[in-house]
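Peer 1: Chain by chain, the residues run as shown.
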Amino acid sequence: MTQNIHDIQERKKIKIKINDNEYEVLEGMNIVEACDAYEIPLERFCYHRYLPVDGNCRTCMVEIETPRGRMLTIGCNTKVQDGMVIYTNSENAIRAQKSALEFLLLDHPLDCPICDKAGECSLQDNYMDFGRYDFRRIVPRYFKKGKAINAGDHIVLDQERCILCTRCIRFLDNITQTSELGIIHRGHASKISTYPGKPISNDYSGNITDICPVGALTLKEFRFKQRVWFLKKTKSICVECARGCSITMEQNFNKIWRFMPRENPHLNRVWICDKGRFSFKKYHENRLWNPILNQNEIDLTQATLELENVLKTYHWNEIGWILGPYSSMETLYIAKKYFGENVYALIPPATGKKDELLQLPQEYPNEQGIRFFGMNVHQQELQSKIEKEQIKLLFIVEIDIYRFLANWRELIEKIQALPYKIYFTSFQDETSKHMDLVIPVRSHAEIEGTYINATSLLQKSEASIEPENSFISSSAVLLSQIAYLAGRIPRIFSSNSEIYNEFKNEYEELKQYSFSNIPDFGIKLSLPKIANEPFQGVKVDFNIFMIPETQLTKMR
Amino acid sequence: MENILILTKRFSIPNANQLEVALKHGAYSSLEKLFSMKPEDVVEEVKKSNLKGRGGAGFPTGLKWSFIPKDTKKPIYLCVNADESEPGTFTDRYIMEYDPHLLIEGIINTSYAIKSHTAYIYIRGEYVKQYQILSRALEEARKAGYVGKNILGSGYDLDIWLHRGAGAYICGEETGLIESLEGKKGQPRIKPPFPAVEGLFRSPTIVNNVKTIASVPWIVLNGGEAYAKIGTKDSTGTNIFGVSGHVNQPGYWELPFGMRFLEFLEKYPKGVKGGKLKALIPGGSSTPVLTAEECEDLYLSYESMLAHKTFLGTGGMIVMNEHTDMVKALKTLTRFYSEESCGQCTPCREGTSWLDRLLDRILNREATTKELDLLIEISDNMEGKTICALAAACAMPVRSFVTKFRSDFEKYVKPISIPVHKVAEKIIQKEPIAS
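First to last, the sequence lines map onto chains B and W.
For the first sequence, the positions run -7 to 548 when our numbering is used.
For the second sequence, the positions run -12 to 422 when our numbering is used.
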């Protein structure tokens, strides 16, 4: 993607006129992109910034001046030229735009009240902005297409609602290159269909429901669950692998209902993998709300007393700390900065699925954070320290080490033999069964924090939901409390953003960004990358520049 | 002038579709001269001849050939459009049936001119007999050395492939044909890029109609200027005019352009059957219809048709007598177009079926006069707003039928109905209820 950015700087700027106003755009853009850059309203269905142009919906009609007079043309397949004169609001253009919408709605079932897409449907939005409101569809509707067809593991297809924009077909042809969908029949009997007996099954299938401008493709996981206008959205990142795709977490009644990709041209464009998309479920499963002491639930006050007692029993130098790439930058920072020599960061083996698009084998979000702070990753050293009884009390922070039993058997056996082990976690997992004291902390969805992904992009994630037990704190804040108890830091930090604002001053690259100023696209760091840029094998030409921020949030 | 035969010269000879008979009557005689010329000179001759594409659009053939990029490194392809499926058009089939060697000769000439070494004949799937004749002729020509490596020792190679369509009207559109030939669903491509730059297999491609290509050997043999002398100034050469409908003797005749239509109608199809002339569809069903009055000063040429705001199209005329129900005639056409729309562009996919359903309504006597205006407005909204010309091909007849024969339509429709509450108001005000 960086090459693309260089391209942009080299590209010539040209002047065009849209609706009698002069604008400066980059050579090679098409008219729809030029309109987007200056927020000139222009309706579209089949055009999508990250897919090849198809030009079948015929709604982005504009008039351009030619030597033979004004000519109607589609904006998405017409490249801007120097001195081009474009009208998006001339009489002919508006008539063409309105009539195309009228044609689209001719056989649309208008089942908006029971349609899951209602509220974020391009057909609704465009009709509000560009539609003609007088009714003249006096012929009977032509219904003979399928409803609620099971089209794959996650996808339900409704052929009647479909407006045949072929965005889903182009996504499956060009991005995943699996081509499960196609159009069968001809004329106005055309419909989207899978091949018989071959459902949509790829790791990115959820994306076709996002780009579907109407309710033709819906997610089984979200169907009939929530109305989209009730959902509160927070900008976050996906923590399922080291890619750390930009997402929005959407919650209502303090429950997360879905993850949606958030546009980030430098990272995930507008796509996320199904593993990340459906990881929202885990934030409500196996949650730990109360501390556990020797397999018995206790309340937080008792746990605090127990923790204080334990800390008094052992000398600070006898306490060991295991952190992992699952924690946010803030947690890692507190441990690294204030906890002395016995802080170790373990990086689990990269055993996940890898592909050319987004998925990386490292199934944790912040491996680069460990490198950024230069933390001690020597497992052998930790092992020998435990052996020599230099470490007697061990804190394990947000890393489920027993999950990697096969790889770390020796270490885990030694840890098992320790007199006292404390585990900070959000979920009940394998490790929590073996610990003396388990203290709940806020999960990723409940904290704000920063993470550095595999391509060295520092991104921030905001808190989406409140924990049920609102007294539990994030691991970073909890660690700062412990450090305060031990007299190692002068004050307790009350939030992760405060910790970030503390450490950013130590790094030249971060200095200018306070937590609230971190851009939505993230901050590119000069840290060596551990993975390639995404979409290496996918050649879809698109323009990622001159898009105002307000437009980015609108993209579906 | 009238008896110059370019395309149908061997039609009257029995078994002219066999190579030995055809050879006796001058088939492949242009090749010797062709190979002595440079390809650029052939293109120049065709440009001089002012030959226009006979497929319907009437685009100058030589100009089309010259759009191929000069320095291309990709192979150049020739596609022969034999997917003759326009209603009312039935002339290409006779060339393939009676004189396939003329077509093959034309393909050799054209391929040589555009420096192509591979040509495809895309033949309509329903033309089974023509396919068999053409494939046999191709085999004969291959054996005799007219097709293949080093044709007649000239060092020029050409391979010709015969491809059968699967029965879609849209595959007669040049980019639809290319998609279909590539093995995809027959859907026109978005332009630009034009096929001459990026067509079949992403290489420069020329798509020409059978009649256009069959005219090329004569031009090579006799020179472009000689061809330009036939016909009128803007419509040079000859064309095969096919006439169907209410005439005493339906059929096809090869004629130079420029004959007066009424004279032609009396002389060749022997006049209108069963009454007076009411309407004429001049060049395949997608061209705007003409009334009897408009036919008075109509000549069989591109420019005269344009002056009457219609097109010569393919030259397949449909004649209708005074007893024709224009609504039912139009319904036949809209049914065809709504079936044959490929379904890619919104205005065409939805518009053609909307027009069809509106005509159903009119025929069921449910419609009001308002719907006649709606027919015209939908046509306006469809035409020129799609990737290919199918939407226009449906919109043009609808608009011309409704405007020119409105009285026929008005017999079916009710006057504009008055909403119930308006009737109630009038009753209260004791006004006479008028429509």
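Derived by calculation from the structure, the hints in this document are not laboratory data.
A hint or two may mislead.
Rough simulated footprint, nothing fancy, chain W against chain B, three-plus residues with beta-carbon under 8 Å [said to hold, decoys possible]:
| hint | stretch |
| --- | --- |
| 1 | 42 to 48 |
| 2 | 94 to 104 |
| 3 | 375 to 387 |
Keep in mind the model is a prediction, meaning the values are calculated, not measured.
Where a beta carbon is used, it is the ideal one built from N, C-alpha and C, also for glycine.
Peer 1: Would you mind marking each hint as holding or not holding in the structure?
Peer 2: Each hint, compared with the structure:
1. 42 to 48: holds (count 4)
2. 94 to 104: holds (count 5)
3. 375 to 387: With 0 residues closer than 8 Å to chain W, the stretch 375 to 387 of chain B misses the three-residue bar; violated.
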